[in-house]
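Put the complex together from the two separate chains, hints included.
These protein sequences, in sequence, are chains A and B.
Just remember that my numbering sits 15 ahead of the position in the first sequence, which is counted from 1.
Just remember that my numbering sits 9 ahead of the position in the second sequence, which is counted from 1.
The hints are simulated quantities; they were obtained by calculation from the structure and are not laboratory data.
Honestly, I wouldn't trust all of these hints.
Claimed, not checked - Here are a few chain A residues that face chain B, going by a calculated C-beta distance under 10 angstroms: (1) GLY62; (2) VAL91; (3) THR144; (4) ALA145; (5) PRO146; (6) GLY147.
To be verified - Partner residues are not named here, just some residues of chain B that face chain A (Cβ under 10 angstroms, in silico): (7) VAL73; (8) ARG75; (9) GLN102; (10) VAL103; (11) VAL104; (12) ARG105; (13) PHE121; (14) ILE146; (15) ALA147; (16) GLU151; (17) ARG167; (18) PHE172.
Given the structure is predicted, the values throughout are model-derived calculations rather than measurements.
Ideal placement from N, C-alpha and C gives every residue a C-beta, glycine not left out.
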Amino acid sequence: MLLIIAVPQGAEARLRAGLAGILGAEGLVVHLDSYPEGEPQVVEGDGYFLGVHGADHPGIVAAVAGLLADLGINIVDLSTHVIPGQVPVYVMTMEIVAPQHLGRRALEARLDAVSKEISCAITLHPVETAPGL
Amino acid sequence: MAVRDILRYPHPLLGQASAAVTELGASALETLLSDLVDTLDSSPGVALAAPQIGYSLRAIIVDVSRERRPERRMGHGRVILLNPRVLESSEQQVVREGCLSVPDFTGDVPRFQRVLVEGTEPGGRAVVLESQGYEAIAFQHEIDHLDGLLFLDRLVSRRRDLFPRRTSGRS
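Looking at chain B on its own, in the form it has when it is part of the complex (with noise of 0.2 angstroms):
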């Protein structure tokens, strides 16, 4: 088990676009995923993307059963996907969002209601899945640390969207 730290912004890594993950069964992977694990089951979080633990991999995993609000649980569970993308996407509407790496702030950011992501699950099973609400964020808002972008980068008006964190969904 490694709780690896999770990194903060402005740390350079969270600002680069991560490789892809090619080589599936390699330990290096394994322990990669394992990291991912172990630490989000110590964080308050819901979803983490290997770049927020210093892996510049294209690796998330998305949870929202680990929501304590049951309304924002609704989803596939526990996924890990290498090389996730956005298929597919739907209308948009803002969203104030949270990040692990932006502890002390939330931003009003534009994101799809429905996302089709497509990906690969560690066992090498390609898979696309269709996601809404509260998970569809999440995918929307890890693939995006893979890309090198922070919810920082999708405010409209830092001046009317960025805050200091004064809301909290969580206990």
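Here chain A stands alone, though its shape is the one from the complex (with noise of 0.2 angstroms):
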């Protein structure tokens, strides 16, 4: 469970006591973190699904991200999931966002080659965004 939540000035430490008193009778365990304040940043670009699929494999997270940095491409929201079985099968979601002038044709060449590099199917769909309604 992950909750965010608005503590009032100084209620911190009363709060972390409480929550230990709660949560460690019941074997849970806790994290309490203060939140960064200020404005979500908006990043300016085209927008894309990224599905990467295949048998699991250490680097498959290294590959992609790392072409992604090369063409300067933001990821802005990442899941990932490993379905168990005799192979397990390991699977990536990703949104990002691509500098304009890169282009669709240029993106796909390249996850192409990484696609190849790495035995997992990569796939891209364009976010259709209608912003100024």
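Structure (structure tokens):
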């Protein structure tokens, strides 16, 4: 369970002590961290959904994320999942924002090369946006 | 020239169905239309519906030629329609929409890729427009405003489809 809460000034220590008392008795673990202040950053560019899947092995995230970093692409959302089985399958979905000048074809070509290198399927779909309504 | 404030959710007017415009040429209508034009021109958006600026009347303005990205500018230029409605529509796609009345969020909503929209021009002429792409989405979004609907009402999953605004197609 993940909660975002607002705590009155000066009440954090009491909250921590109280949580430890309740959750400790139940054998549960609690992390309490302060949330960074400020507005979320708005990223400019072309949005895409990126999907990656294949037999699980080390280096999948590194290869994909490394290419994206090289191309100046921002990862704005990411989730991963391993489907257990005789051959565990790794599934990763991302939402990325690419610089406009890059273009979809060029991005697909580079992803294609990484796809072969890591033996995973990689799919790319543009996020259709209509911001100014 | 009157630039009106754009109402923000949860203003109650944004949740109400607007009334049909029946008295063409009335001076109140002139004021409404010039307010729509002036407010759109001073906003970062490409379309507005009358209830967004405080008039509970069925009037919209759509002008995708204001869009910064050339590929989104295709359409009929500046269109002002009274009592617009969607006559026909094609298959749907999921679109990540923003709204001037819900400025901090975007949401993934299903929209028709092509629509046939009918309405009345301010001069009284009835028109039927075929529209696709960004402009078609804009028509559907603005006509929704006339029915008291926001993109928030069309989300399939709040958890999966609603986001703090984090990407922008505009500078």
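Q: Tell me if B/VAL104 is really an interface residue toward chain A, meaning its C-beta lies closer than 10 angstroms to one of theirs.
A: holds, 5 angstroms
Q) Close enough to count: is the Cβ of B/ILE146 nearer than 10 angstroms to one in chain A? A) Holds - the Cβ of B/ILE146 comes within 10 angstroms of chain A, reaching about 5 angstroms at its closest.
Q.
Let's test the interface hint: is any C-beta of chain A closer than 10 angstroms to that of B/ALA147?
A. holds, 6 angstroms
Q: Identify whether the interface hint at B/ARG167 stands, where standing means a beta carbon of chain A within less than 10 angstroms of its own.
A: violated, 15 angstroms
(Q) Min Cβ distance, A/VAL91 to chain B: is it shorter than 10 angstroms? (A) At 6 angstroms from the nearest chain B Cβ, A/VAL91 passes the 10 angstroms test, so the hint holds.
Q. Do the numbers back the hint for B/VAL73, that is, is its least Cβ distance to chain A under 10 angstroms?
A. holds, 9 angstroms
Q. Holds or violated: is there a CB of chain A closer than 10 angstroms to the CB of B/VAL103?
A. holds, 7 angstroms
Q. Can A/PRO146 be said to touch chain B, with a Cβ gap under 10 angstroms?
A. Holds - the Cβ of A/PRO146 comes within 10 angstroms of chain B, reaching about 4 angstroms at its closest.
Q. Per the CB criterion, is B/PHE121 less than 10 angstroms away from chain A?
A. Constraint on B/PHE121 not satisfied, violated at 12 angstroms.
Q: Using 10 angstroms as the Cβ threshold, decide whether A/GLY147 counts as touching chain B.
A: Where the cut-off is 10 angstroms and the nearest Cβ of chain B is about 4 angstroms from A/GLY147, the hint holds.
Q) Going by Cβ atoms only, is B/GLN102 closer than 10 angstroms to chain A? A) Status holds, d = 6 angstroms.
Q. Given B/PHE172 as an interface hint, is the shortest Cβ-Cβ distance to chain A below 10 angstroms?
A. Status holds, d = 8 angstroms.
Checked against the numbered hints above, the structure violates hints 13 and 17; every other hint is satisfied.
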